[in-house]
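Position chain B against the provided structure of chain E, taking the given hints into account.
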Amino acid sequence: MTPGPDEATTAERLRAQIAAQFGRSLHIRTLDTGSCAVCEQEIRLLSAPHYDLHRLGFFFTPAPRHADLLLVAGPMVRAFEVAARKAYEAMPGPKVVVATGACALGGVYQADPFMHGEVEAVLPVDVWIPGCPPSPLALLHGLSVAVGRLAEKVPGLAFVADENGGGA
Amino acid sequence: MPLWFARGLRRGVVTTRYPARPDGSAVALPTPPAFRPLLLTREIVDRMIAQCPGTALSRAADTLVFDVGSCTACGRCARVAPHAVTPSGEFELAATTRSALIKMVPILGERR
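Note that the protein sequences, when read in sequence, are chains E and B. Those letters in the first sequence? Residues 4 to 171, by this note's numbering. Those letters in the second sequence? Residues 188 to 299, by this note's numbering.
Bear in mind the hints are in silico, worked out from the structure with no lab data behind them. Even for Gly, the Cβ is constructed at its ideal location relative to N, Cα and C. Check before you lean on any hint, since a few could be wrong.
Claimed, not checked - Residues on chain E that point at chain B, a partial pick, calculated with CB under 7 Å:
1. Ala-105
2. Leu-108
3. Trp-131
4. Cys-135
5. Ala-164
Said to hold, decoys possible - Covered stretches of chain E, as calculated for chain B (at least 3 residues, CB under 8 Å):
6. 62-69
7. 109-115
8. 151-162
Chain E extracted, bound-state conformation (with noise of 0.2 Å):
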């Protein structure tokens, strides 16, 4: 279905207002849903002065009350799906939900009685973060892809090599 006008002018607005509401700063609240930590430690590394998240609006805050954005890693533990989903109605909308990890997307463990297996079967997430863990590089990206202020790069790779080497 191809959007009529009234939708695209609705499309339109609602995107600059997301850009007025999150275009400037942003407060991330971190969960950790039963990661292995390597996730938060890269996490933490965003404070350092190598990659500076600050400098880019972005800080961190210990409640989800102040919180535009969650920043979830690990496979979603079923013993952390009260607490998630708690912080999650804490927020104060509009508010974005970023998986963070091989782990929360997925990949790593399958459900069972202990977890989920990934996020998205609690939380409705609206970013994924690939990686194992995604380094800080690939969290700045996915935190300005989260944001608008970068156009996400994945759909256009298709992971296929050339004879010769060469990149996706």
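Frame of chain E, contents of chain B only:
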């Protein structure tokens, strides 16, 4: 108060745009594989799938289904078939749809 800090506060966003320049440390990062379709056979692909520790690789007839989101860039598939698999060099892989991370790689080695 440093000038750059005051400027950043006033404009609300940044003192530098991201990325200001490509980061030199990025070349050392492990990255998901890229495949050479002409060198892939069903037999090689099945061996790679057996070695994959997660659910990143699967096969549908003559297509290798590669889920980039599930890939941990461990390099085991590259160890199975070093000639057919090479690091892609891509690490900025964030996507706004999960399906954008699922890639279809044709298996063309059977025709030779």
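Outcome of the hint check:
1. Ala-105: For E:Ala-105, the interface hint holds, since the closest Cβ of chain B sits about 5 Å away, which is under 7 Å.
2. Leu-108: Interface hint status for E:Leu-108: holds (4 Å vs cutoff 7 Å).
3. Trp-131: E:Trp-131 check passes; min Cβ-Cβ to chain B is 5 Å, inside 7 Å.
4. Cys-135: holds, 3 Å
5. Ala-164: holds, 4 Å
6. 62-69: violated (count 0)
7. 109-115: Coverage by chain B holds for the segment 109-115 of chain E (4 residues, Cβ < 8 Å).
8. 151-162: With 9 residues close enough to chain B, the hint holds.
Hint check: a violation occurs at hint 6 only; the rest are consistent with the structure.
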